[in-house]
Amino acid sequence: MNTPFAPSRDEIRARVEAAPWGIFHLPVDCWTNELALVAWRQVRFVLARVPSDFSPELYFETGKWEQFLELLCESAIIATLLNSSNPRNWPSVVSAIDDHLASKDASDKSEQLPYFSVL
Amino acid sequence: MVKIADLEALELLARLPDDVPLTVSEAAIFLRVSKSALDKMRRPDAANPGPVYSQGGAKGSSGSNQKVVYFKGDLKAWLVANRCSDTLEAAKRRGQLFATAADLLDPEAFWRNTAGEIAGLVEETSVVQFFEQLGQWEIEWFALGDALKEQWADQGEQMRYLWLFSSKSPESGSLLTEQLMRQVNQ
Chain W
-17 MNTPFAPSRD EIRARVEAAP WGIFHLPVDC WTNELALVAW RQVRFVLARV
33 PSDFSPELYF ETGKWEQFLE LLCESAIIAT LLNSSNPRNW PSVVSAIDDH
83 LASKDASDKS EQLPYFSVL
Chain L
4 MVKIADLEAL ELLARLPDDV PLTVSEAAIF LRVSKSALDK MRRPDAANPG
54 PVYSQGGAKG SSGSNQKVVY FKGDLKAWLV ANRCSDTLEA AKRRGQLFAT
104 AADLLDPEAF WRNTAGEIAG LVEETSVVQF FEQLGQWEIE WFALGDALKE
154 QWADQGEQMR YLWLFSSKSP ESGSLLTEQL MRQVNQ
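Residue numbers (this note's numbering), protein chains in the order written: chain W, -17 to 101; chain L, 4 to 189.
Honestly, the hints are just simulated from the structure, not real lab data.
Please note: incorrect hints may appear among the correct ones.
Partial list, derived from the structure: chain W residues whose beta carbon lies under 7 angstroms from chain L [said to hold, decoys possible]:
1) Gly4
2) His7
3) Pro9
4) Val28
Beta carbons: idealized from backbone N, C-alpha and C, even for Gly.
Input sequences plus hints: build the corresponding full structure.
Take a look at the structure:
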């Protein structure tokens, strides 16, 4: 009997690290924020350099790009706001996402350090 | 998809004077639309009326059993008036050209400008631009992945194609992205 192919989380992560664009070929239910962050390194490089009339969503299955941004930002509202203007100034969008990720990272770290919160 | 024979035919058509009559097939090559699309454009109820044509005699006349001819000057005027600026249309054309990962391996015609840079896909050039560039720029045939390794005149266009390439072929696209990231950081 054939068993369904179900790679482990580590295998999926290794795959996305080896080929970050491969995340868009994985089923969305395999996606995590961590995987989106791994893929973002390459995606941001290209996105920051495309012309303003570029529509990233045209190249993926319907809704996949929006879901990627939502998972990356861990906020549907922020993802929608960043993705909504048209034509889009992509270097600014990338920069805004980077700022959001940096502030989220800083706030996550401060939550993990109890000594900071009591100071 | 653009064919070498069509490009050669376009080059020949470019040298003809504007008042030379062209058959429907020649006009279709010139406009880079299918013959059936051009036939539909001649219908009285056509949503997108095509260029002025002549059927059996005087320009603009029609007669159902007469041979249809187009004049190159009329085709050029129609192209200028209907120049495709719709980026969604351009994206659709790119999508059709590179519909699958296997299509990425097919050689496509790219412009190489006088500075030696890749200046885009010939397929995406309007016919008006095509004639302007013909004779000044070279046409070279590359698989898209190989074209992306070259120096491009417009980095935005290079990245647009890199996005398309990576969306269809993530492994090769990721390698190529990494390579370009290293070049930028050097």
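Outcome of the hint check:
A distance limit of 7 angstroms between C-beta atoms decides the matter here; for Gly4(W) the minimum to chain L is near 4 angstroms, and the interface restraint holds. Hint status for His7(W): holds, given a least beta-carbon distance of 6 angstroms to chain L, under 7 angstroms. Here the hint on Pro9(W) is broken, as its CB sits about 14 angstroms from the closest CB of chain L, past 7 angstroms. Interface hint status for Val28(W): upheld, as the beta-carbon distance to the closest one in chain L is roughly 5 angstroms, under 7 angstroms.
Checked against the numbered hints given earlier, the structure breaks only hint 3 and satisfies all the rest.
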